[in-house]
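Work the whole structure out from these sequences, hints included.
Chains as they are written, first to last, in my numbering: chain A, 697 to 790; chain B, 15 to 411.
Hint data in this document are derived by calculation from the structure and do not stem from the laboratory.
Looking from chain A toward chain B, a few residues come up when the C-beta cut is under 10 Å (computed):
(1) D713
(2) L715
(3) E731
(4) L734
(5) L745
(6) E749
We treat Cβ as the ideally placed atom computed from N, Cα and C, and that holds for glycine.
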Amino acid sequence: MTISSGEIVADLHELSDQLDLDLEEVEVSGASSLENDLGMDSLNLMDFLVFLEKKYRVKISDEHLNDVETISDIVHVLNEISPAAAGPTGDAAA
Amino acid sequence: MRGPRGAGPGAEVAGFVDDFRAFVAGTLADAPAPGPETVYDDEHPLWEKFRAAGLANWWLPARHGGPGVPLRVSVDLIAELSYHDPGFAFAAMLPILGSRMLEFYGTAEVADRYLGEMAKGGTFCAALGSEVVAGSELALTATTFRREGDHLVVDGEKAFSTNLAFGRFCLALARNAEDHRDFSVVLVPADTPGFEPGPRWLMSGLHGTGTYPATFTNCVVPAANELSGNGLRVLEVGLNGSRILMAAIAIGIARRARDLSMEYAGNKQLGGRPLTQNAVFAARMGQLEMELESLKSVCWRAADEYDALYAREDAAAAFHGQGVLKSAVMAKMHCGQTGWRIVSAVSEGFGGLGYTEAHPVQRLLRDMRHISLVEGGDDVLRELTYGRYVRHASRRG
Ligand SMILES: Cc1cc2nc3c(=O)[nH]c(=O)nc-3n(C[C@H](O)[C@H](O)[C@H](O)COP(=O)(O)OP(=O)(O)OC[C@H]3O[C@@H](n4cnc5c(N)ncnc54)[C@H](O)[C@@H]3O)c2cc1C
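Right, here's the structure in full:
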């Protein structure tokens, strides 16, 4: 099973209050930049990563984050390291 | 978690304010000015009187045995304390930082126990965020905690913590030794083996305030002492209240500066007339009054916003979601900068006397300085403001 951008976007919407993100007027997709489109700062990002680590039972290292800019990049990393994910990255909702 | 009352002060709060003012007028106003060695700990005679009058930790809610005074009222109270003694005001208000973190994010039992004692005994608590290497980059915090069964073990060094050496407990920001993204705030009782406050920092201003470094060596505390939520955000929430009250210290200092100026100018002759009748002096004081009004406005606005959030049923969650309250940061920045301009101009108005130890105005300069430094220097807060409230159009004010 692969993790999709749709799932991550749904996670983000669920967390937006907790992360203090204004997503109401933003169309969030796989291509959305975490920093520029979603307004995440390092603290939001850390909260989000901790949430993802718990949900998908993975450890996201700092090296993994070097190339992360968009939701799709996160999906890619998760699919690469998640034991639940198999096969190439699925990105149905992107 | 819920707030205990609405925004307006009720009859009980009004009675409390009367008692507070009686202490200020009857005791604080006549107390000797603190020197570099003075520490307002819980054995200092002035603190004893403050505590005996039931005034200490006035923001603690009724359910923990406190008077539950809203922040909006606290702004005015702090301004009155700081008019006479900014060091006393700082020492008295800073426990709001630790206590609000505990009130919102501690377990009911731990919060009840420690905040109940604080309300009953008029005692202090301290908070430890700052570290020498991490500086304001709190994500680099090197103090760690380990979860071992039903205990936590804390290790590390902290640089500054006010009221620490005599606080009954402290709240330390630490990182999970096994997960560098997991931060928590941990309550450490003062008598915990391995917890060691260092020698007091001698400060250039805020005399009367005791601020210390600390080390934690294999400090074992119950697991229930870990506050819930991301520690970095929990600290941000705690800082909202103390930043607003720190900003309010500027109001008292600025009022004092104005009144000292008027007193001096009434006696100083220029061209055969008192300086108070000089147009340049009048313009200066007009400018000061305008700036002083702006200090009050930003503090009141931030406090109203804080009180409205605090009164919500879901206050702890609402604060955690938001973390930093923009208006609190704006208030601290504005009061630090404008307050500094006010006392700088005022001290200039005393001529050479304004630079001597013979006149209290030089003390006001040194006292005002801390507002732009403590709990985030202006460079740090400008960067935070830009990142959170300017870069994205939807967040701009
Ligand atoms: C009287 C007093 C009481 C205190 N009480 C407490 C307490 O109770 N608990 C506690 O935890 N701490 C306390 N502190 C510490 C205080 O909060 C910090 O000193 C303050 O936040 C500044 O942080 P810093 O000392 O780490 O300096 P830094 O923030 O590291 O600043 C050092 C220099 O680096 C620059 N700099 C830092 N970040 C940036 C940036 N992003 N952009 C550009 N320049 C930057 C600054 O402008 C400055 O020039 C107290 C300090 C004092 C003086």
